[in-house]
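Throw the hints in and build the complete structure from the sequences for me.
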Amino acid sequence: MNLYQPNLVTISDVIDETPDTRTLRLTFQDPQLAAGFDFKAGQFGEYSAFGAGESTFCIASSPTRKDSIECTFKAVGKATRAMRELGAGDTMGFRGPYGNHFPVDRMEKASVVFVAGGIGLAPVRCVIWNVLDTREAFEDVTIVYGARSVSDLVYKRELAEWAARPDVKLWQTVDPGGEAPDWKGEIGFVPAIVEKAAPSAKNAFAVVCGPPVMIKYTLPVLEKLGFADDRVYTTLENRMKCGIGKCGRCNVGPVYVCKDGPVFTARELAALPQEY
Amino acid sequence: MIAKTITAEELGALVADLVSAGTRVIAPARAADGKVDYRAITRFEEAAIGAELPRRSLKEFFLPPTEPLFSWHQGKGDVTVKPVAVSFPPHVVLGARPCDAAAVEILDRVMGWDYRDELWFGRREATTIVSVACPGVDGSCFCTATGGGPDSKRGSDLMMVPVDGGYLVEAVTPKGQAFVGAHAARFVDAADAGTTAAAEAFRTGVRSRVAEHLTLSLPALRRWLEGSFDHELWRAIVLRCHGCGACASVCPTCHCFDIVDEPEGVRAGTRRRNWDTCQTARFTVHASGHNPRADQNARFRQRVLHKFSIYPGRFGEVLCTGCGRCARACPGGMDLPEVLKTITALVGTGASREAAV
Chain G
2 MNLYQPNLVT
12 ISDVIDETPD
22 TRTLRLTFQD
32 PQLAAGFDFK
42 AGQFGEYSAF
52 GAGESTFCIA
62 SSPTRKDSIE
72 CTFKAVGKAT
82 RAMRELGAGD
92 TMGFRGPYGN
102 HFPVDRMEKA
112 SVVFVAGGIG
122 LAPVRCVIWN
132 VLDTREAFED
142 VTIVYGARSV
152 SDLVYKRELA
162 EWAARPDVKL
172 WQTVDPGGEA
182 PDWKGEIGFV
192 PAIVEKAAPS
202 AKNAFAVVCG
212 PPVMIKYTLP
222 VLEKLGFADD
232 RVYTTLENRM
242 KCGIGKCGRC
252 NVGPVYVCKD
262 GPVFTARELA
272 ALPQEY
Chain A
35 MIAKTITAEE
45 LGALVADLVS
55 AGTRVIAPAR
65 AADGKVDYRA
75 ITRFEEAAIG
85 AELPRRSLKE
95 FFLPPTEPLF
105 SWHQGKGDVT
115 VKPVAVSFPP
125 HVVLGARPCD
135 AAAVEILDRV
145 MGWDYRDELW
155 FGRREATTIV
165 SVACPGVDGS
175 CFCTATGGGP
185 DSKRGSDLMM
195 VPVDGGYLVE
205 AVTPKGQAFV
215 GAHAARFVDA
225 ADAGTTAAAE
235 AFRTGVRSRV
245 AEHLTLSLPA
255 LRRWLEGSFD
265 HELWRAIVLR
275 CHGCGACASV
285 CPTCHCFDIV
295 DEPEGVRAGT
305 RRRNWDTCQT
315 ARFTVHASGH
325 NPRADQNARF
335 RQRVLHKFSI
345 YPGRFGEVLC
355 TGCGRCARAC
365 PGGMDLPEVL
375 KTITALVGTG
385 ASREAAV
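So the sequences go chain by chain: G and A.
Residues 2 to 277 in this note's numbering are what the first sequence spells out, letter by letter.
Residues 35 to 391 in this note's numbering are what the second sequence spells out, letter by letter.
Because the hints were derived from the structure by calculation, they are not lab data.
All C-beta atoms, glycine included, are put in the ideal place defined by N, C-alpha and C.
Take these hints with a grain of salt, some might be off.
Simulated pairs of lysine-lysine, DSBU-like, Cα-Cα distance not exceeding 35 Å [said to hold, decoys possible]:
hint : chain 1 : residue 1 : chain 2 : residue 2
1    : G       : Lys79     : G       : Lys157
2    : A       : Lys375    : G       : Lys67
3    : G       : Lys197    : G       : Lys157
4    : A       : Lys116    : G       : Lys67
5    : G       : Lys170    : G       : Lys217
6    : G       : Lys260    : G       : Lys79
7    : G       : Lys203    : G       : Lys67
8    : G       : Lys41     : G       : Lys67
9    : A       : Lys116    : G       : Lys41
10   : A       : Lys116    : G       : Lys260
11   : G       : Lys75     : A       : Lys375
12   : A       : Lys209    : G       : Lys79
13   : G       : Lys41     : G       : Lys110
14   : A       : Lys69     : G       : Lys260
15   : A       : Lys209    : G       : Lys260
16   : A       : Lys110    : G       : Lys75
17   : G       : Lys170    : G       : Lys79
18   : G       : Lys41     : A       : Lys69
19   : G       : Lys79     : A       : Lys375
20   : G       : Lys41     : G       : Lys157
21   : G       : Lys67     : G       : Lys79
Here's a subset of chain A near chain G, in silico, CB distances under 8 Å, partners left out [said to hold, decoys possible]:
hint : residue
22   : Val53
23   : Val144
24   : Phe263
25   : Leu267
26   : Arg269
27   : Gly303
28   : Thr318
29   : Ala379
Shown next, in the form of structure tokens:
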């Protein structure tokens with residue numbers, strides 16, 4: 002077995018998040034791995050449907066929940082379309098965990114602000130559950146999440162759960178025109194809602210993930226709120242193949258996203274050329 | 035270090051010894067079209083050692099253009115995966131060019147950092163590289179500018195220098211010493227002073243000729259590259275580039291690859307690693323359609339940056355051995371040594387980001 006040979010996993014559950022976004026819950030077939038697999042929030046893996054190849058996603062579940070791992074994806078390419086054809090009980094391949102991670106340890110005893118857009122909630126959700134499962138170690142928890150429309154919001158059952166928790170401040174928003182008649186959340190783009198929510202930057206960290214345009218306009222808002230750029234974290238989505246610093250694909254400036262990332266601070270991101 | 039000599043006849047006999055013992059011998063040899071390629075030989079007479087530079091480098095013997103990573107078979111609801119072997123039968127490369135041998139050692143860095151690529155190192159361990167000092171090829175050679183040389187021992191287990199009637203042989207690594215020990219009868223002990231002097235004259239002669247083609251300050255080049263991401267040069271020089279990737283294909287150090295599934299029927303298949311190149315648009319395009327390197331300027335810049343800034347930054351050495359194959363192979367006339375010369379001129383005038391438009 003070489004580095005590129007995946008571990009076999011069984012799809013134990015299929016959850017349709019939106020009409021085009023699906024979550025798969027995966028359990029390792031090797032009992033030793035099923036018992037011993039460990040990772041950190043923000044790490045990624047190479048998931049494969051045999052015959053269609055591999056696709057790179059973060060592990061969307063929290064390391065505090067060890068019985069299985071989850072990935073959330075849209076069927077847009079060859080591998081993801083093939084993964085969408087699979088169902089519960091089917092076998093997939095998984096290599097990982099790879100890359101660095103969100104410094105959850107560093108965030109302890111501090112407040113955490115999560116900002117996500119669309120399917121960008123997947124890597125953020127991993128950190129959210131990591132924090133909520135050890136809630137007493139953290140101060141305030143604020144989540145600002147938005148999507149184009151109500152039907153594009155992912156993890157709806159968990160949004161309801163977070164909304165109901167007194168120890169979480171959840172702001173949900175949809176783009177103007179994306180609301181439904183019974184929508185009770187905000188209407189507006191994520192950066193504007195972050196500004197409206199105005200979470201305190203005092204002893205706080207921010208975790209941001211979403212479409213590039215959302216990140217572009219959210220970072221200045223966070224800066225205005227007083228977040229230092231080395232306390233704002235995001236995760237880069239670059240095309241990858243090997244995931245282990247060999248194949249050269251995810252190279253941005255001096256950085257191998259798969260090895261030095263995928264998690265970067267806003268400060269680190271600002272130093273990179275615009276090739277992501 | 036052991037210095038020995040070997041006659042052409044004994045070298046031929048050595049090849050016969052190796053082949054009969056089951057060792058695969060790779061040497062530069064003429065193809066049907068008269069051009070020289072590295073390929074497996076069974077008789078020494080097939081070899082064209084020290085002739086023109088082989089068309090392709092040694093890379094394919096360590097990182098094949100396509101290789102299986104594993105195969106799978108889909109049963110009812112389950113999948114069986116069959117691994118590939120990561121140990122390989124013995125190989126000897128006879129007559130490697132120093133630029134090609136050095137490239138293999140340079141690539142050990144990326145193949146071994148943190149995650150060790152078993153397929154690469156399996157082949158490395160199974161292979162003994164016997165290089166021959168290069169007589170020089172043409173004006174596209176610039177090995178001396180990259181820190182190597184036509185007589186550089188880097189990456190070689192043994193180095194041969196042509197002398198009258200045969201070769202002066204030096205064991206460079208313990209593997210090379212063991213090789214000489216295992217075939218001791220084919221070598222003659224300690225070269226005489228005249229032979230050593232002739233070998234030395236050959237080496238210095240070629241070295242000074244190649245050095246005339248291009249001289250680089252690698253640190254200054256790297257500094258310029260790191261400050262000139264938006265320099266107009268990238269737009270100007272890339273007009274002739276078709277983005278075909280021929281440069282990467284013939285390059286001894288370009289190592290980017292793709293991983294793809296090849297179905298064999300409905301229920302089985304092989305996942306393969308195939309050579310790929312940052313020179314094509316598809317290399318970086320996201321599933322969303324967004325392409326971080328959307329134009330050829332950015333893609334050519336990436337190739338130069340990876341070789342002379344990113345790789346040295348990460349691994350302490352440039353990802354280029356100055357073999358000149360990219361310049362010779364390019365159908366559009368892109369010429370890396372010329373580009374480096376142009377940049378060196380810009381470095382000389384102190385033109386960096388300030389000169390960018």
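Discussion item. Tell me if the straight-line CA distance from Lys197 (chain G) to Lys157 (chain G) falls inside 35 Å.
Written reply: Given pair Lys197 (chain G), Lys157 (chain G) holds - Cα atoms ~22 Å apart, limit 35 Å.
Worksheet item: Under the criterion that the straight-line Cα-Cα distance not exceed 35 Å, is the pair Lys209 (chain A), Lys260 (chain G) satisfied?
Response: 32 Å, holds
Fill in: Given hint Lys157 (chain G) paired with Lys79 (chain G) - CA-CA distance at most 35 Å
The given pair, whose Cα atoms are some 27 Å apart, holds under the 35 Å limit.
Fill in: chain G contact restraint on Gly303 (chain A) - CB to CB distance below 8 Å
5 Å, holds
Worksheet item: Holds or violated: Lys110 (chain A) with Lys75 (chain G), Cα cutoff 35 Å?
Response: Holds, at roughly 27 Å.
Practice prompt. Compare the distance between the alpha carbons of Lys203 (chain G) and Lys67 (chain G) with 35 Å, and conclude whether the hinted pair is satisfied.
Written response: 33 Å, holds
Item to complete: Below or equal to 35 Å on CA atoms is what counts here, so check Lys41 (chain G) against Lys157 (chain G).
Response: Satisfied, since the Cα-Cα distance of roughly 24 Å is no more than 35 Å.
Discussion item. Does the closest beta carbon of chain G sit nearer than 8 Å to the beta carbon of Val53 (chain A)?
Written reply: 29 Å, violated
Discussion item. Does Thr318 (chain A) hold up as a contact with chain G if the rule is Cβ-Cβ below 8 Å?
Written reply: OK, holds: Thr318 (chain A) within 8 Å of chain G, min 5 Å.
Worksheet item: Is Lys69 (chain A) close enough to Lys260 (chain G), meaning Cα to Cα at most 35 Å?
Response: 41 Å, violated
Worksheet entry | Lys209 (chain A) paired with Lys79 (chain G) [C-alpha distance capped at 35 Å] | With a Cα-Cα distance of about 46 Å, the restraint between Lys209 (chain A) and Lys79 (chain G) is violated, given a limit of 35 Å.
Worksheet item: Between Lys41 (chain G) and Lys67 (chain G), does the CA-CA distance stay at or below 35 Å?
Response: Holds, at about 11 Å.
Hints 2, 11, 12, 14, 17, 18, 19, 22, 25, 26, 29 from the earlier list are contradicted by this structure; the remaining hints agree with it.
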